[in-house]
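**Student:** Here is what each chain is made of, one letter per residue.
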Amino acid sequence: MALDFLGLDITWDATLRNVILGSMILGLTSGVLGTFAVLRRQSLIGDALAHAALPGICIMFIVTGTRSSELLLLGGALSGLVGTAVLLAVTRWSTVKQETALGIVLSVFFGFGILLLTRIQHSGDSAQSGLDRFIFGQAATILPRDVLVMSIVATVAIGVVVLLFKEFKLVTFDPAFAASIGMRPDLLGAILAGLLVLAVMIGLQTVGVILMVSLLIAPAVAARQWTTSLSGMVLLSGAFGMAAGVAGSVTSSLVDRLPTGPMIVIAASIIVIFSLLIAPRRGILSTWRVRRIRARQFRAELALTDHHGVTRS
Amino acid sequence: MSAPTIIMITGALVGASCGLVGAYLVLRRLALMGDAISHSVLLGIVLVFAVTGSRAPLPMAIGAGAVGLLTVALVAWIQRTGLVKEDAAIGLVFPFLFAIGVFMISRFPTTVHIDVDAVLFGEIAHVPLYRLELFGRDVGVQAFWTLGTMLAVNLVFVGFLYKELKLSTFDAGFAAAVGMSPVLLHYLLMGAVSATTVVAFDAVGAVLVVAMLVVPAATAQLLTRNLPVLLALSMALGASSAVIGYYLARAIDGSVAGAMATTLGLMFLAAYLLSPSQGLVAMLARRKRQRQNFLRELLIAHVAAKPGGVDITSLDRDFGWARATTARAIRDARSQQRLHLNDEGVLTASQGT
Numbered sequence: 001m002a003l004d005f006l007g008l009d010i011t012w013d014a015t016l017r018n019v020i021l022g023s024m025i026l027g028l029t030s031g032v033l034g035t036f037a038v039l040r041r042q043s044l045i046g047d048a049l050a051h052a053a054l055p056g057i058c059i060m061f062i063v064t065g066t067r068s069s070e071l072l073l074l075g076g077a078l079s080g081l082v083g084t085a086v087l088l089a090v091t092r093w094s095t096v097k098q099e100t101a102l103g104i105v106l107s108v109f110f111g112f113g114i115l116l117l118t119r120i121q122h123s124g125d126s127a128q129s130g131l132d133r134f135i136f137g138q139a140a141t142i143l144p145r146d147v148l149v150m151s152i153v154a155t156v157a158i159g160v161v162v163l164l165f166k167e168f169k170l171v172t173f174d175p176a177f178a179a180s181i182g183m184r185p186d187l188l189g190a191i192l193a194g195l196l197v198l199a200v201m202i203g204l205q206t207v208g209v210i211l212m213v214s215l216l217i218a219p220a221v222a223a224r225q226w227t228t229s230l231s232g233m234v235l236l237s238g239a240f241g242m243a244a245g246v247a248g249s250v251t252s253s254l255v256d257r258l259p260t261g262p263m264i265v266i267a268a269s270i271i272v273i274f275s276l277l278i279a280p281r282r283g284i285l286s287t288w289r290v291r292r293i294r295a296r297q298f299r300a301e302l303a304l305t306d307h308h309g310v311t312r313s
Numbered sequence: 001m002s003a004p005t006i007i008m009i010t011g012a013l014v015g016a017s018c019g020l021v022g023a024y025l026v027l028r029r030l031a032l033m034g035d036a037i038s039h040s041v042l043l044g045i046v047l048v049f050a051v052t053g054s055r056a057p058l059p060m061a062i063g064a065g066a067v068g069l070l071t072v073a074l075v076a077w078i079q080r081t082g083l084v085k086e087d088a089a090i091g092l093v094f095p096f097l098f099a100i101g102v103f104m105i106s107r108f109p110t111t112v113h114i115d116v117d118a119v120l121f122g123e124i125a126h127v128p129l130y131r132l133e134l135f136g137r138d139v140g141v142q143a144f145w146t147l148g149t150m151l152a153v154n155l156v157f158v159g160f161l162y163k164e165l166k167l168s169t170f171d172a173g174f175a176a177a178v179g180m181s182p183v184l185l186h187y188l189l190m191g192a193v194s195a196t197t198v199v200a201f202d203a204v205g206a207v208l209v210v211a212m213l214v215v216p217a218a219t220a221q222l223l224t225r226n227l228p229v230l231l232a233l234s235m236a237l238g239a240s241s242a243v244i245g246y247y248l249a250r251a252i253d254g255s256v257a258g259a260m261a262t263t264l265g266l267m268f269l270a271a272y273l274l275s276p277s278q279g280l281v282a283m284l285a286r287r288k289r290q291r292q293n294f295l296r297e298l299l300i301a302h303v304a305a306k307p308g309g310v311d312i313t314s315l316d317r318d319f320g321w322a323r324a325t326t327a328r329a330i331r332d333a334r335s336q337q338r339l340h341l342n343d344e345g346v347l348t349a350s351q352g353t
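Each protein sequence line maps, in turn, to chains A and B.
Just so it is clear: in the first sequence, position 122 is 122 by this note's numbering, and no numbers are missing.
Just so it is clear: in the second sequence, position 219 is 219 by this note's numbering, and no numbers are missing.
No wet-lab data here; the hints were simulated from the structure.
Since this is a predicted model, take the numbers as computed values, not measurements.
Some hints could be false.
[Stated by the list, open to error] Quick look at which bits of chain A chain B covers, simulated, 3 or more residues with Cβ under 8 Å:
| no. | region |
| --- | --- |
| 1 | 34-45 |
| 2 | 65-76 |
| 3 | 88-94 |
| 4 | 104-111 |
| 5 | 234-243 |
| 6 | 264-273 |
[What the hints assert, rightly or not] The following label-pair restraints were derived from C-beta to C-beta distances:
| no. | chain 1 | residue 1 | chain 2 | residue 2 | range |
| --- | --- | --- | --- | --- | --- |
| 7 | A | Ser180 | B | Asp318 | 29 to 35 Å |
| 8 | B | His126 | A | Arg184 | 41 to 47 Å |
| 9 | A | Ala89 | B | Glu297 | 30 to 36 Å |
In this text, a Cβ means the ideal position worked out from N, Cα and C, and glycines have one as well.
The following block holds chain A by itself, in its conformation from the complex:
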């Protein structure tokens, strides 16, 4: 069935439907969770987490020999959690700074993942075909089953955010106060990190481990420019994420050999660029205009005072 979409002919087949649904679910989840990561200044933890998923996927394959995405992604989630734990342990019990620890976790875990991946490939196991799809994502491999799993995971993740919204809000903006009224900032932080792992699981098949971080950061940064309320930012970020997912997956289906993941990232980045430029009040153009008006007023006032010789020194 051909669908006339904005005057473009795209074939509305099952594959495309799965890709678009998958990208939408991903955009929504990562947009919502990314909001907290960005506000808590932990946006790059998602990067380390996503890279750390690779060895888990490979180990799951080596141990079980499975090809089912759910099991492989479960392995990825587990090693993502191990990566987070290593990150916390290193920053807590050594003089190594957080950004260095992030660099260590992401490069070493990913390197170890590559070592395992190449080992699996060299062993000539024919079933391995497709493990590398998690590196850049390969949206075309998304099956209806995967969409179902993704929507369940997304429902859990977003459900937790809705249920714990007040708590998350408080630990994000005032952890000290949150602790003083009996909340557990460390526990809530760990829950947020766990939810990030869920978002990464959804994203690995679509955009892959390398570009996943962009979907956690870009929608949230764009949303931040348009609103000052947390709930507004969460909703808008989710909407931006979904828009980027749809735009990226549709574009990549229109042109032959166009990878979906990078197109989604480019779409999300374009949303950010526009938001930074034209957002009212905060936006670059807006502040630039205000500055010009102020400068003009100041010059006018200066001209008046200059008349009395005040500025000559």
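The hints should help you fit chain B onto chain A, whose structure is shown.
**Tutor:** The following block gives chain B in isolation, referenced to the frame of chain A:
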């Protein structure tokens, strides 16, 4: 020279080059800038290839170096608008540039050989195949020349600007006050990082470059607080990981780049646990010792305050410590001859305690 030797030397040159500039990255808390540069460099490589149609090392290095500096400048610019925090700014810029790079690769005809895997993980196994010809004569492995030159440039850079780099790293305000330009030094260092990344890229790919930039320096930082020692150690760790990594890769039949990154991870783990000054084991031992010393002093002060001495059975009530803890504190104090225990079980303090 045999292929394994060539591969190990190549890896060692990468490790030494990256270890040197990486040490400054880590000290200046710019580790993630290395990550960002190593990813966005892909766009530079693709752009140069699109324009010139060749994979000659020099144009590649220049183009990719330019994109590396562009990354740094973009991150700085986005931060300066005040709209986005630093970590998010980095996370916005490099995936965007990397995605454009991958997008452009997908637009090349399929016959063109720039494959994304090679960019990410390198083709160190192919290094012995590319030889440099000068004036029609074979002068050796191309990677030796490019990486050797880069190492020399980095050594000269750090050697000539050692004082300036040191000062601007540890006290940028003072460096500016005595007339140095921290901003210029920052961009020079970033230029060196970008160039090193590009040259190392062909051999080991984007991911190992990040590992080589960050991990040896972080490991060295756990082992020493002396800058020249740290630089030397970081280079040595980077270089030796290449050799160990090669054997690891051969033992389990996997990617050499991945094995080197894994080796670096194990080195870091070892230093994290066992470093004599800052390792976890040493730290826990020190904490335990400090706790014991503190308890001993507390006990001595308590006993010294009572002229008639203290009955040992009342200590449980006074302090509420575990029996073993009390016994240990008493033993420590007695072995230092600062408390005495008589036959009736009464503790008294020595003179002058």
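**Student:** Each hint needs a verdict: does it hold in this structure or not?
**Tutor:** Verification of the supplied hints:
1. Beta-carbon proximity to chain B at under 8 Å applies to 5 residues in the region 34-45 of chain A; the threshold of 3 is reached and the given coverage holds.
2. Counting residues of the region 65-76 of chain A whose beta carbon lies closer than 8 Å to any beta carbon of chain B gives 0, which falls short of the minimum of three for the stated coverage.
3. Three residues within the 8 Å Cβ limit are the bar, and the region 88-94 of chain A against chain B gives 3, so the coverage statement holds.
4. With 7 residues carrying a beta carbon less than 8 Å from a beta carbon of chain B, the region 104-111 of chain A meets the three-residue requirement, and the given coverage holds.
5. Only residues whose C-beta sits within less than 8 Å of a C-beta in chain B count toward coverage, and the region 234-243 of chain A has 0 of them, not enough to reach three; the restraint is violated.
6. Counting residues of the region 264-273 of chain A whose CB falls under 8 Å from any CB of chain B gives 4; the rule of at least 3 is met.
7. Between A:Ser180 and B:Asp318 the beta carbon distance is about 33 Å. The supplied range of 29 to 35 Å therefore holds.
8. Range check, B:His126 to A:Arg184: about 53 Å between beta-carbon atoms, so the 41 to 47 Å window is missed.
9. The beta-carbon spacing between A:Ala89 and B:Glu297, approximately 31 Å, falls within the hinted interval of 30 to 36 Å.
Hint violations for this structure: numbers 2, 5 and 8, all remaining hints satisfied.
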